[in-house]
Amino acid sequence: MSDAILKTENLRVEYRTREVGQEVKRALKGLNLAVRAGEVFGFLGPNGAGKTTTMNVLLGFVNATAGDAWLFGVNVREPVARQRIGYLPEQTYYYKFLTAEELLRFYAKIFRVPKSEIEQRIDGVLKLVDLDHARKRQIKTYSKGMQQRVGLAQALINNPDLLILDEPTSGLDPVGRMKVREIILRLKNEGKTVFFSSHELGEVETICDRVAILTQGELKVEGKVNELVELYQQRNLEQVFLKIIGYHESHHDAHRIRRAA
Amino acid sequence: MNPTTTPIESAVLPEVARLEQSASAATNVLAIAGVVIREMYRRKDFYVLFVLTALITLVMGSVTFFNQDNIVRYLKEICLFLIWGASLVITITTAARQIPAEREQRTLFPLLAKPVTRSQFVIGKFFGCWFASGLSLVLFYVFFGVVAGAREHEWPVLNYFQAMTLHWFLLGIVCALTVLGSIVFAAPSSTSTITLIVSVGILLIGRHLNKVALRLEEPGQTLLYAVYFAIPHLELFDVRDLIVHNWSLIPWGVWAGALSYGAAYSAIFLALACLLFRRKAIN
Numbered sequence: 001m002s003d004a005i006l007k008t009e010n011l012r013v014e015y016r017t018r019e020v021g022q023e024v025k026r027a028l029k030g031l032n033l034a035v036r037a038g039e040v041f042g043f044l045g046p047n048g049a050g051k052t053t054t055m056n057v058l059l060g061f062v063n064a065t066a067g068d069a070w071l072f073g074v075n076v077r078e079p080v081a082r083q084r085i086g087y088l089p090e091q092t093y094y095y096k097f098l099t100a101e102e103l104l105r106f107y108a109k110i111f112r113v114p115k116s117e118i119e120q121r122i123d124g125v126l127k128l129v130d131l132d133h134a135r136k137r138q139i140k141t142y143s144k145g146m147q148q149r150v151g152l153a154q155a156l157i158n159n160p161d162l163l164i165l166d167e168p169t170s171g172l173d174p175v176g177r178m179k180v181r182e183i184i185l186r187l188k189n190e191g192k193t194v195f196f197s198s199h200e201l202g203e204v205e206t207i208c209d210r211v212a213i214l215t216q217g218e219l220k221v222e223g224k225v226n227e228l229v230e231l232y233q234q235r236n237l238e239q240v241f242l243k244i245i246g247y248h249e250s251h252h253d254a255h256r257i258r259r260a261a
Numbered sequence: 001m002n003p004t005t006t007p008i009e010s011a012v013l014p015e016v017a018r019l020e021q022s023a024s025a026a027t028n029v030l031a032i033a034g035v036v037i038r039e040m041y042r043r044k045d046f047y048v049l050f051v052l053t054a055l056i057t058l059v060m061g062s063v064t065f066f067n068q069d070n071i072v073r074y075l076k077e078i079c080l081f082l083i084w085g086a087s088l089v090i091t092i093t094t095a096a097r098q099i100p101a102e103r104e105q106r107t108l109f110p111l112l113a114k115p116v117t118r119s120q121f122v123i124g125k126f127f128g129c130w131f132a133s134g135l136s137l138v139l140f141y142v143f144f145g146v147v148a149g150a151r152e153h154e155w156p157v158l159n160y161f162q163a164m165t166l167h168w169f170l171l172g173i174v175c176a177l178t179v180l181g182s183i184v185f186a187a188p189s190s191t192s193t194i195t196l197i198v199s200v201g202i203l204l205i206g207r208h209l210n211k212v213a214l215r216l217e218e219p220g221q222t223l224l225y226a227v228y229f230a231i232p233h234l235e236l237f238d239v240r241d242l243i244v245h246n247w248s249l250i251p252w253g254v255w256a257g258a259l260s261y262g263a264a265y266s267a268i269f270l271a272l273a274c275l276l277f278r279r280k281a282i283n
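Line by line, the protein sequences are chains S and B.
The first sequence begins at 1 in the numbering used here and counts up by one.
The second sequence begins at 1 in the numbering used here and counts up by one.
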């Protein structure tokens, strides 16, 4: 796939524990993934499926045991691969003693945003995430929703072509979720690529062009939401997801056991 | 090589790319250092130490003992001792918590998800702590100099400059050692305690290790000699007497040599810290 801006090839990650006799934990077992420019890609899977590990490899936090990953054709081992991406972690982790404005200025410097543009960019992203009124307050005084929004602002400060969002609506109230969803859709309309993991399958169904479902480190399916619903003859993405991760079988087993008892 | 580039362009482009890379690395390091400095002046512990030292300096400065010169020198010595103690505590505690706090509060993740290398992160943290300790040092020395100058009606500015710069470069070594320790030990408290003991130990007994080695049997003698030559001799930077006794200036060549010696040791510790941190799993 030539126009893939995010690509992994036979990506394998193994964790070794320090205890003697402990087995090697295989977090990813040869993952092949390709995300095309301009699409919103949902990365799904139950807890422990390997979603965060994949993101950790893409962001350079973890080195792959085997295989490779590229962002914009640059191997993720090179820091420059991250020049055109924005990343929003699942939970907000920012310097709480800084104000939103100072935090964004700091990250803008890291991305080498021209000095003449920095203030304009800060104004733009703070307005976008509705934090303009609190820009001079230290982050430690922000509510959880505001902290998540400052996270989104920092992910957008370099005007990225690819956004990697790790459960962006996790822990937000319905209004906060709606705002994040609106921002993702707006970015999609601007032609940005969004790669995000989420457990909110209704939300994924609404905004994603394509999804991939991962379980136990293996890619089970990849494709357009409506095609998957059709292929698996289910009512919605949630049903497809549950079927793929094998929830139905165990649910039926439990039901049988209850009836037998 | 891009086929459309001319031979001149192809010769110049790698050079330009290298320059851009260096500029980008310097920008990242300075940006990270800036956050450390901002953190220090927004925390209260620095102000507590400064106010305590300032109070003691003021009280001592106001005391008169029959106008004896020796007493004034003795008081100056105590005040400088306090400044040394406070600066060591500020530097070590600030440097020791930087990397563990980034890991614990997970601020490291959004930062390293940007085009920042791990080495730039470590070097940025070092420079932040070192500049911050330099700023506090300027504040301490200016305050002390004004109080002492007001009492003695003498203003040996160059003596103060030499003593302060040497003190600052000593803090550079301690800071780099602490950053290295903070990567090896998980808890900032362990790093602080160990670095403080090592630094004070070197300051007090570093210069005597060769004499002790002479009295030892082999292989103890060789081992202790190796330690004597391997450790940074922090005592070389302790020129408090220059201020206490108003001695004549250190030759500028010797002063520059001592600064280079300090910079070399800081670079060695920092290189080790970068090497270790690059191998460390951060997930």
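Hints in this document: simulated from the structure, not taken from any laboratory.
Remember, it's a predicted structure, so these values are computed and weren't measured experimentally.
Even glycine gets a Cβ: it sits at the ideal position worked out from N, Cα and C.
A few of these clues could be false.
Claimed, not checked - Okay, derived cross-link-like pairs now, DMTMM-like style, lysine to aspartate or glutamate, Cα gap no bigger than 25 Å in a straight line:
1. K280(B) <-> D68(S)
2. K109(S) <-> E20(B)
3. K280(B) <-> E102(S)
4. K25(S) <-> D45(B)
5. K192(S) <-> E222(S)
6. K96(S) <-> E104(B)
7. K140(S) <-> E39(B)
8. K109(S) <-> E39(B)
9. K25(S) <-> E167(S)
10. K280(B) <-> E222(S)
11. K96(S) <-> D45(B)
12. K144(S) <-> E20(B)
13. K136(S) <-> E39(B)
14. K127(S) <-> E101(S)
15. K140(S) <-> D238(B)
16. K224(S) <-> D161(S)
17. K44(B) <-> E102(S)
18. K280(B) <-> E90(S)
19. K115(S) <-> E39(B)
20. K44(B) <-> E101(S)
21. K280(B) <-> E14(S)
22. K115(S) <-> E20(B)
23. K140(S) <-> D45(B)
24. K144(S) <-> E39(B)
What the hints assert, rightly or not - If the Cβ cut is set under 8 Å, some of the chain S residues that face chain B in the computed set are:
25. G60
26. V62
27. P89
28. Y94
29. I110
30. R112
31. S116
32. Y247
A quick look at each hint next to the structure:
no. : hint                : result
1   : K280(B) <-> D68(S)  : 20 Å, holds
2   : K109(S) <-> E20(B)  : 14 Å, holds
3   : K280(B) <-> E102(S) : 29 Å, violated
4   : K25(S) <-> D45(B)   : 44 Å, violated
5   : K192(S) <-> E222(S) : 20 Å, holds
6   : K96(S) <-> E104(B)  : 13 Å, holds
7   : K140(S) <-> E39(B)  : 13 Å, holds
8   : K109(S) <-> E39(B)  : 18 Å, holds
9   : K25(S) <-> E167(S)  : 24 Å, holds
10  : K280(B) <-> E222(S) : 33 Å, violated
11  : K96(S) <-> D45(B)   : 17 Å, holds
12  : K144(S) <-> E20(B)  : 38 Å, violated
13  : K136(S) <-> E39(B)  : 16 Å, holds
14  : K127(S) <-> E101(S) : 12 Å, holds
15  : K140(S) <-> D238(B) : 41 Å, violated
16  : K224(S) <-> D161(S) : 21 Å, holds
17  : K44(B) <-> E102(S)  : 20 Å, holds
18  : K280(B) <-> E90(S)  : 22 Å, holds
19  : K115(S) <-> E39(B)  : 23 Å, holds
20  : K44(B) <-> E101(S)  : 22 Å, holds
21  : K280(B) <-> E14(S)  : 15 Å, holds
22  : K115(S) <-> E20(B)  : 16 Å, holds
23  : K140(S) <-> D45(B)  : 18 Å, holds
24  : K144(S) <-> E39(B)  : 22 Å, holds
25  : G60                 : 7 Å, holds
26  : V62                 : 5 Å, holds
27  : P89                 : 5 Å, holds
28  : Y94                 : 6 Å, holds
29  : I110                : 5 Å, holds
30  : R112                : 6 Å, holds
31  : S116                : 16 Å, violated
32  : Y247                : 28 Å, violated
Checked against the numbered hints listed earlier, the structure breaks hints 3, 4, 10, 12, 15, 31 and 32; every other hint is satisfied.
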